[in-house]
Structures are given as structure tokens and as C-alpha cells.
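Undergrad: In order, the protein sequence lines correspond to chains A and B. Take 158 as the starting number for the first sequence in this note's numbering and just add one per residue. Take 8 as the starting number for the second sequence in this note's numbering and just add one per residue.
A hint or two may mislead.
To be clear about the criterion: a stretch of chain A counts as covered by chain B if any three or more of its residues have a C-beta under 8 Å from a C-beta of chain B, and this derived list gives those stretches [as the list claims (entries may be wrong)]: (1) 169-180; (2) 189-195.
Calculated from the model, a selection of chain B residues having no Cβ within reach of chain A, i.e. all distances over 12 Å [said to hold, decoys possible]: (3) Glu64; (4) Leu101; (5) Arg106.
Here are the simulated distance ranges between beta carbons [what the hints assert, rightly or not]: (6) B:Thr76 to A:Asp187: 37 to 45 Å; (7) B:Pro146 to A:Ala201: 24 to 32 Å; (8) B:Arg186 to A:Arg200: 35 to 43 Å; (9) B:Asp102 to A:Arg200: 42 to 50 Å; (10) A:Asp160 to B:Thr61: 44 to 52 Å; (11) B:Ser173 to A:Trp263: 52 to 60 Å; (12) B:Leu28 to A:Ala222: 54 to 62 Å; (13) B:Ala143 to A:Asp187: 33 to 41 Å; (14) A:Ala222 to B:Val137: 21 to 29 Å; (15) B:Ser173 to A:Asp160: 18 to 26 Å; (16) B:Asp19 to A:Arg195: 33 to 41 Å.
If you are wondering where the hints come from, they were derived from the structure by calculation, not from laboratory data. This structure is a prediction, so every number in the text was calculated from the model and none was measured. Where is the CB? At the ideal position from N, CA and C, for every residue including glycine.
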Amino acid sequence: MADAMSQARLEDILDAYGADPARWPAAERDAALALLARSPDARARRAAAAELDACLAAVPDVVPASDLGARIVAATPARPARPPRRAWRRFAVLVPLAAAAALAVWLGRDVPRGTGGGDAVETAALTAELDTLELPTDALLDVAVVDSLDEDPPTFGCRPGELGCPDLDSADDRQSRRFPRRSPHA
Amino acid sequence: VEAGSEVAAENDDHLDDDLILRVGRGDRDAFHTLVERHLARIVAFAGRVLGDRTAAEDVAQETFLRLWTAAARWRPTGARLTSWLHRVALNLCLDRRARRPEPPLDDVAEPADPAPAGPGIVHRREVGEVVRRALAGLPDAQRIAITLCHFQGLRNIEAAEVMDVSVEALESLLARGRRTLRERLRGLAPALLGDD
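Turn these sequences into a full structure, and let the hints steer you where they fit.
TA: Below, the structure is given as C-alpha cells:
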């Protein structure tokens, strides 16, 4: 059974959301309807809210031109811009391989010629691509490697639910969980 | 919102998620589908905020262009596309309003409506115009709150998210706006209700 609702709270709801229960906060709907069922004053208040709803319903929509959708699609670039993370991913694959190759060179540099010298030349070439790395283990300290370990974009500065920002709310009841601090009535 | 419509909304969200993922891979057909699904709603929203159809269409075009550009970063983690589109559109509307002074109410373009006009429809249009002007006379925040909740059908939490305010602040904006409208439109409603 729904918690009892005060007349004052019902009036707040009617003032803010109007007479249609579909627009009321879901968590309070049953209690509001129960109060309406037993209170003539509440019903009179709801009728007044319905009058304003009827006025608002008379306002026509702004309707887009019939070809606007096609024009928008035609005006877009050929491909959406790719995010920079893709480049990091490709680089992230190369760096560990190069690091392993560099490690092999490092460990094998005192080994006499004739024991895998061809491989050493090949891996040395790979290492040359990483010209800022002096020691093989430096690759593990490279920023690209550290970044590539984090598949999620940074949360700092993001709003929950914004495009590209992780949303911790993946549960069914978004209405009650997305903004728990802000929505005692939602 | 009835349970059935909540289920339908959830199915719509899943469809949007699928379409965005395809758009992120450069699928133009999926983008066209997304535009067709949401365009009218975003134009209507921008039109109510700006009071001008041409400007509303410009805002809608820019909103969808941003969706096209950003779709590759979309991750289906529960964010609703409708909220995101409204938020982007609102920011674009406010930017536009900041750059250009608001036109006098008499200069606001009439919405296109080619429907034939019988006596009842003429009366309703006249009333609609009076209400539209009353809405246009509200402070921006109150009008935007009413537009999001009443006309766009967003839930209170979604509208609060779009406006970046608390739900309590949203309720206060709604109540003050509706109270002002009730005062300004006193006497109109009985005739309107008689029309129906």
C-alpha cells in the first residue's frame, strides 16, 4: 500500500506537473491517486490544473520542413570522426611487441654471433622505431602503455550519462537511482 | 507513465542504442533512421525555446551533426539518447539566444499549419496563439522546464538533467511558471474544454 500523501504535497505535484497522473513522479503516483479518491478538495485542485493543461494543449507544435531529415543526412561528412583512442589502441599493440623485441636484444647482446643474429637485426630495427626508449623496460613506463591499460575514458569532468562518459546507472530503475541525492520525490 | 509505455520507452532506448553503435561505424542508413525518429521532437523543442522555426531547424541540424560526430564514442550504459539530444539542443538554443537578442513577440514566426480551418479549429488556433504568447513571456528557465516536462514528455529527473538543476529546483520552476500562466490565461480554459 502506498504511503499516505499530504494535501500540501499533492498540491505541489499538481502545481508542477499538472493534472495528468502520467506526468507525476512515478514513486508518488499511487499515493496521490489514493488521496484524490478520498478528498473532494484534492479533486477540485486537480480540476483547476486540468484547465491549464487544456490551454497548453492548444499550442501547436513547430513542425519541421518535410525534407529537413534528408538535408541533415546529406550535409554530414562521409564518416564520423574517429576518436583518438583508436590510435592509442593500435599503438598499444605495437609497444609490447617492440618491448619484447628490445628485451631480446638486450639479453642477447653478449651472445656470440651465429646464435640468432638475424633475429637480433630484426628486433633492433623494431627497437629503432622506439627511439626514445633507452632500456627495454622503459617501454613499460611509456605513457602510451599506461593509457592503453585503461579501456574506460576518464570520468573526471564527465556528467553521468553523457555521451562518451561512463554511466554507473545500468540498472532498470533509472528514475530512482540516477540522481539519488537530488530526487527524494522522484 | 503507465507500465506499458515504460516498456515501450525501454524498447525504444535499446533500438536507439543499436542504431548509435551502427552510426559510430559510419552507417549512414542508421543515422538517417535516428534522425527520422527524433527530428520532429527536437525541432519542436527548439521551436518552443527560440520561438522561430528556421532557427529551430538550424539547431536541430547542428544537434544531429554532433550526434554523427560523437556516435563512435557512445557506450550503451543507460544514458538515454533523448536526454542527450535535448541537452545538446538546449545548449545550442541558449548559445544562439546569447548571441542574438530575442525578437519582439510580434515578430515571432507563425508555426506552419496547412490544415483547413473550421470554426472550432479557428477558435482553438486563436487560443493557442494566446497561450503561446503567454508562454513566450515567461522567464527562460520556467518556459524551458514546462517545455521539457509538459510538451516533450521528459520525466522529472531527465528534465532536471537536461537543465542541470536539481529535481526540487525543477519543480519550483514548473510551479512558478504554471502559476503565472494560470493568472494570465484565466478565463480561457472553460471555453477550450467546451470545444473538446
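Undergrad: Given the hint of 18 to 26 Å, is the C-beta distance from Ser173 (chain B) to Asp160 (chain A) inside that range or not?
TA: Because 22 Å falls inside the window, the suggested range holds.
Undergrad: Decide, holds or violated, for the assertion that all CB atoms of chain A are farther than 12 Å from the CB of Glu64 (chain B).
TA: 6 Å, violated
Undergrad: Once the closest CB in chain A is found, is it more than 12 Å from Leu101 (chain B)?
TA: Non-interface label stands for Leu101 (chain B): nearest chain A Cβ at 16 Å, farther than 12 Å.
Undergrad: Given a hint of 21 to 29 Å, does the C-beta separation of Ala222 (chain A) and Val137 (chain B) actually sit inside it?
TA: Hint holds: Cβ distance 26 Å, inside 21 to 29 Å.
Undergrad: Can the suggested window of 37 to 45 Å be confirmed for the beta-carbon pair Thr76 (chain B) and Asp187 (chain A)?
TA: 43 Å, holds
Undergrad: Just to be sure I understand the hint, the distance between the Cβ atoms of Asp102 (chain B) and Arg200 (chain A) should be within 42 to 50 Å; is that true here?
TA: 44 Å, holds
Undergrad: Note whether the CB distance of Asp160 (chain A) and Thr61 (chain B) lies within 44 to 52 Å or breaks it.
TA: 49 Å, holds
Undergrad: Within 52 to 60 Å: is that where the Cβ-Cβ distance between Ser173 (chain B) and Trp263 (chain A) falls?
TA: 59 Å, holds
Undergrad: Using the Cβ atoms, figure out if Asp19 (chain B) sits within 33 to 41 Å of Arg195 (chain A).
TA: Hint holds: Cβ distance 36 Å, inside 33 to 41 Å.
Undergrad: Check the following: the C-beta atoms of Ala143 (chain B) and Asp187 (chain A) are separated by a distance inside 33 to 41 Å.
TA: 36 Å, holds
Undergrad: Falls inside 35 to 43 Å, the C-beta gap from Arg186 (chain B) to Arg200 (chain A)?
TA: For Arg200 (chain A) against Arg186 (chain B), whose Cβ atoms are near 20 Å apart, the range 35 to 43 Å is violated.
Undergrad: Do three or more residues from the region 189-195 of chain A put their C-beta atoms closer than 8 Å to C-beta atoms of chain B?
TA: This one is violated; 0 residues, fewer than the three required, reach chain B with a Cβ under 8 Å.
Checked against the numbered hints given earlier, the structure breaks hints 2, 3, 8 and 12 and satisfies all the rest.
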